[in-house]
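Starting from the given sequences, assemble the full structure and let the hints guide the process.
As you go down the protein sequences, you meet chains A and B in turn.
Residues in the first sequence are numbered from 1 upward in steps of one, following my numbering.
Residues in the second sequence are numbered from 1001 upward in steps of one, following my numbering.
If you're looking for bench data, these hints aren't it; they were derived computationally from the structure.
Take these hints with a grain of salt, some might be off.
[To be verified] Mimicking DSS-like on lysine-lysine, the simulated pairs with C-alpha atoms at most 30 Å apart in a straight line are:
hint : chain 1 : residue 1 : chain 2 : residue 2
1    : A       : K154      : A       : K91
2    : A       : K85       : B       : K1150
3    : A       : K166      : A       : K91
4    : A       : K91       : B       : K1150
5    : A       : K167      : A       : K155
6    : B       : K1086     : B       : K1002
7    : A       : K101      : A       : K85
8    : B       : K1002     : A       : K85
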Amino acid sequence: MSDRDPYAYDSKIEGNIIFTQLDTAINWMRSNSLWPMPMGLACCAIELMAAGAARFDIARFGAEVMRFSPRQADVMIVAGTVTYKMALAVKRIYDQMADPKWVIAMGACASSGGMYRSYAVLQGIDHLIPVDVYVSGCPPRPEALLDGLMRLQKKIMGEHSFLEQKKELLASI
Amino acid sequence: MKLPDVAEALTSRFGAGVAGRVEFRGETTLLLQPEALRPVCEFCRDELGFNFLLDISSIDNFEHEPRYEVVYELYSLGNGLHLRLKTTATEDEPEVPTVCDLWPTANWHEREVWDMMGIRFARHPDLRRIIMWDGYPYHPLRKDFPLEGKFSDVPDVAFTEPAPLAGGPFVTAPVKGTTEVREPRARRAGDLPPEQAFIAEP
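What follows is the structure, given as structure tokens:
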């Protein structure tokens, strides 16, 4: 054990046991196995595919398991222009996702309507569903999406999920 | 058969039904009376060999009468000829006869014109909206429809809200400069040129 880092895990002393908080352990598991629901609606979806392919490899962050069923997904990546015709379908898919769930608004259109200030386009998916991370760009580079994903991971690591659930439970009885 | 021959054949056969003829850069446009549209189309397809309907589009001459024009782009695959037919529809009675039975491809083209411009096609077999959803109350390509849209709501299907234009419309600037200078933003007549008006964030 070094002097600089006295709390580091020492396998000789502690064996295969790690002491931590339940919240931290849950958040660690959640943030490193974010299964995306690829809501690819326009050209951003091409960059999303690039982020999933070998060069950028979203698997490095545990998010390579694109689930086309919302019931198996943790994070919805809204990649592209959300038209009013599509808007309620997106919301319906979001509603079908199991909690806990997160949303990344990828690109200008999903974040704010982008260059489509018109009668046909929803001016940002946050009019319908709560968004955790906005990624700028038109379309964003895969690196930008990965940065957004890492920020989402950081956000999840700061959540007090177990405590919140316990409070909710106590409040309900 | 060449294009002038086609135009001659149509004018001599239909007389006053062909109200005008425009030649522009080798393209021929015939202006038709609404009641002459069907017979002219039938004649074009059966006698002149125009077996392909490329497109149907529409024009809104807002505040002029007749307000609407419907444009038919015909093509003859056998002769390699392209003919444009135009007919009119009034604001009070925006209706023209369908050509679905002549060229089946007209079905969806006419549905699109009905959806976006609100021109009805008489005796169309299935005149529903094709791009906007059933129940949407407007025809967005009409000149009196604002770019930002209007409020509408069809429960469980779709809703719309006016978009914030912030003095827009948002347009890109066709100038030299960085993407920041050229990016879509609200620009009005009398504004400074974009490269002068734009001040970069420090």
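Each hint tested on the structure:
1. The suggested pairing of K154 (chain A) with K91 (chain A) holds, with an alpha-carbon distance near 25 Å, which does not exceed 30 Å.
2. Between the alpha carbons of K85 (chain A) and K1150 (chain B) the distance comes to roughly 15 Å, so the proposed pair stays at or under 30 Å and holds.
3. Pair hint K166 (chain A) plus K91 (chain A) holds up; C-alpha atoms about 28 Å apart against a cutoff of 30 Å.
4. Our distance criterion of 30 Å between C-alpha atoms is met by K91 (chain A) and K1150 (chain B), whose separation comes to about 21 Å.
5. For a cut-off of 30 Å, the pair hint linking K167 (chain A) to K155 (chain A) stands: about 20 Å separates their Cα positions.
6. The hinted pair formed by K1086 (chain B) and K1002 (chain B) meets the criterion: a straight-line CA distance of about 20 Å does not exceed 30 Å.
7. With a C-alpha separation of about 24 Å, the suggested pairing of K101 (chain A) with K85 (chain A) holds against the 30 Å cut-off.
8. At most 30 Å may separate the alpha-carbon atoms for a hinted pair to count; K1002 (chain B) and K85 (chain A) exceed this at roughly 46 Å.
Checked against the numbered hints above, the structure breaks only hint 8 and satisfies the rest.
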